[in-house]
Amino acid sequence: MTDVTLTVNGTQVTAQVEGRTLLVDLLREDARLTGTHVGCDTSQCGACVVHVNGEAVKSCTMFAVEADGAEVTTIEGMANADGSLSTLQQAFQDHHGLQCGFCTPGMVMSAAALLKENPKPSAQEIRDYLEGNICRCTGYHNIVKSILAASGQDAGAIAAE
Amino acid sequence: MYSFEIERPATIAEAVAALKGEDAQALGGGQTLIPTLKQRLAMPGVLVSLAGIDAINGISRNGAGEFCIGGGSTHAAVAGGAGAYPALAALAGGIGDPAVRNRGTIGGSLANNDPSACYPAAALGSGATIVTNAREIAADDFFQGMFTTALDEGEIITEVRFAVPEVANYQKFEQPASRFALVGVFVAKYASGVRVAVTGASEEGVFRWAEAEAALSADFSAAALDGLTMSAAGMIGDLHGTAEYRAHLVAVMTRRAVQAAG
Ligand SMILES: Cc1cc2nc3c(=O)[nH]c(=O)nc-3n(C[C@H](O)[C@H](O)[C@H](O)COP(=O)(O)OP(=O)(O)OC[C@H]3O[C@@H](n4cnc5c(N)ncnc54)[C@H](O)[C@@H]3O)c2cc1C
Ligand code: FES
Ligand code: FES
Chain A
7 MTDVTLTVNG TQVTAQVEGR TLLVDLLRED ARLTGTHVGC DTSQCGACVV
57 HVNGEAVKSC TMFAVEADGA EVTTIEGMAN ADGSLSTLQQ AFQDHHGLQC
107 GFCTPGMVMS AAALLKENPK PSAQEIRDYL EGNICRCTGY HNIVKSILAA
157 SGQDAGAIAA E
Chain B
220 MYSFEIERPA TIAEAVAALK GEDAQALGGG QTLIPTLKQR LAMPGVLVSL
270 AGIDAINGIS RNGAGEFCIG GGSTHAAVAG GAGAYPALAA LAGGIGDPAV
320 RNRGTIGGSL ANNDPSACYP AAALGSGATI VTNAREIAAD DFFQGMFTTA
370 LDEGEIITEV RFAVPEVANY QKFEQPASRF ALVGVFVAKY ASGVRVAVTG
420 ASEEGVFRWA EAEAALSADF SAAALDGLTM SAAGMIGDLH GTAEYRAHLV
470 AVMTRRAVQA AG
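In order, the protein sequence lines correspond to chains A and B.
Going by the numbering used here, the first residue of the first sequence is number 7, and it counts up by one from there.
Going by the numbering used here, the first residue of the second sequence is number 220, and it counts up by one from there.
Heads up, some of the hints might be wrong.
One side of the interface only, derived from the structure: several residues of chain B facing chain A at Cβ under 7 Å [claimed, not checked]:
(1) P254
(2) T255
(3) P317
(4) A318
Computed list of lysine to any residue pairs in SDA-like fashion (alpha-carbon distance at most 25 Å, straight line) [to be verified]:
(5) B/K408 / B/D445
(6) B/K257 / A/Q22
(7) A/K122 / B/D445
(8) B/K408 / B/G300
(9) A/K126 / B/G277
(10) B/K408 / A/E77
(11) A/K122 / B/G277
(12) B/K257 / A/E24
(13) B/K257 / A/M7
(14) A/K122 / A/E61
(15) A/K126 / B/A298
(16) B/K408 / A/A76
(17) A/K122 / B/K408
(18) B/K257 / A/K126
(19) B/K257 / A/K122
(20) A/K126 / B/K408
A few chain B residues facing chain A, derived, Cβ under 7 Å [what the hints assert, rightly or not]:
(21) S222
(22) E224
(23) I225
(24) K257
(25) E385
Quick caveat, the hints were computed from the structure, so don't treat them as lab data.
We put the beta carbon where it would ideally sit given N, CA and C, even for glycine.
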């Protein structure tokens with residue numbers, strides 16, 4: 007067992023982990039932050055996306071040991087300081103960007119990473135960026151709309167295809 | 220996953236020493252290895268993480284004008300940092316998805332030599348040099364069939380050197396579920412001739428299409444490919460496409476790559 011210390015949503019977290027402990031296990035089991043989901047065993051679904059040192063990564067495909075000393079942001083760290091939903095989260099609610107909500111933490115974290123790189127993405131750029139985030143409910147259309155709206159663009163402009 | 224320890228060396232020498240241990244294996248970005256471990260298809264005793272070795276990270280040009288890409292460079296770093304070799308940057312930027320690109324590395328991809336991976340096509344198509352802790356290996360000698368390379372046990376890819384071609388292009392026909400290449404073709408035109416490398420298609424892994432190279436070296440145009448076909452013998456056939464379909468795609472993607480390269 008190894009001690010790892012990382013900063014999660016601004017708070018220092020120390021945990022004893024095995025070599026095989028995944029970052030997502032540390033987040034869910036040790037830090038008790040269960041907003042980050044696990045939807046697959048094949049690194050394909052993106053429900054587990056968090057930011058490590060500012061970059062989107064699949065927390066199911068990184069060992070906790072490798073996150074020692076890192077700054078991690080999870081979905082629990084996305085709300086405004088007063089607890090109200092961030093612009094991006096509010097847009098998902100307003101535009102029905104979620105149904106069951108299982109994929110949503112990963113979608114929001116990927117979308118936040120996209121908007122940091124590209125503050126006004128086109129609908130196609132949004133779809134390309136979300137390639138590694140799978141949603142079984144929405145058909146993606148309202149997710150794209152939500153992100154367009156969150157970036158201050160006219161979400162109504164994309165017609166239902 | 221079976222149980223194992225993780226070591227995080229800071230130098231190539233420490234990593235090489237750690238990899239001499241029994242059942243030790245290198246860990247790059249983990250984007251292939253971790254899913255494999257989850258399926259219990261591998262049982263290492265120790266994983267030696269290469270992520271903390273600064274000497275194998277970074278992208279530079281050497282005196283000969285070659286791009287020297289550290290073996291630990293992520294796909295995202297290459298997509299953003301190899302602008303002077305646009306076909307290579309575009310290939311790296313088309314691997315998987317953004318989160319995979321933020322972790323997966325060029326060294327891991329080449330060492331793995333997945334028959335449907337993108338980087339093997341770029342390395343073979345560019346006649347790249349694969350540099351390890353022990354030696355330099357020409358791409359033509361490196362790839363030795365599906366998931367098989369010239370690497371010895373415990374040998375680490377520290378750098379990959381690419382000569383920058385006059386023009387080049389990579390065309391990837393995505394397998395719709397995995398987003399790996401169902402067939403991918405990398406075409407590069409050098410003063411010395413044209414190289415055409417094909418991934419995703421053959422049961423032997425990445426390969427060069429000699430007939431297309433000869434035709435394109437004489438005349439770099441899509442018309443030069445007229446009448447050239449690829450035999451379906453030895454092509455991969457699965458539920459995503461028959462061997463005949465893949466063979467057909469090789470010719471189609473080669474033509475598109477030549478057209479896009481201009
Ligand atoms: C959802 C998803 C989609 C993907 N799509 C694509 C795609 O479209 N195209 C594509 O080409 N790939 C794709 N990949 C694979 C991805 O590119 C991996 O990053 C890559 O194959 C392995 O690199 P890695 O650094 O993650 O290596 P790891 O998974 O850490 O290691 C892979 C193997 O290489 C060895 N190794 C690692 N680094 C080195 C080194 N420096 N020297 C020697 N040996 C080393 C390891 O011991 C292991 O055997 C995808 C992966 C996922 C999860
Ligand atoms: S849980 Fe599916 S990609 Fe991480
Ligand atoms: S809202 Fe149910 S999986 Fe996306």
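Hints versus structure:
no.	hint	in the structure
1	P254	holds, 5 Å
2	T255	violated, 10 Å
3	P317	holds, 6 Å
4	A318	holds, 5 Å
5	B/K408 / B/D445	holds, 18 Å
6	B/K257 / A/Q22	holds, 21 Å
7	A/K122 / B/D445	violated, 46 Å
8	B/K408 / B/G300	holds, 21 Å
9	A/K126 / B/G277	violated, 29 Å
10	B/K408 / A/E77	violated, 44 Å
11	A/K122 / B/G277	holds, 23 Å
12	B/K257 / A/E24	holds, 15 Å
13	B/K257 / A/M7	holds, 19 Å
14	A/K122 / A/E61	holds, 10 Å
15	A/K126 / B/A298	holds, 20 Å
16	B/K408 / A/A76	violated, 43 Å
17	A/K122 / B/K408	violated, 37 Å
18	B/K257 / A/K126	violated, 38 Å
19	B/K257 / A/K122	violated, 32 Å
20	A/K126 / B/K408	violated, 36 Å
21	S222	holds, 6 Å
22	E224	holds, 5 Å
23	I225	holds, 4 Å
24	K257	holds, 5 Å
25	E385	violated, 29 Å
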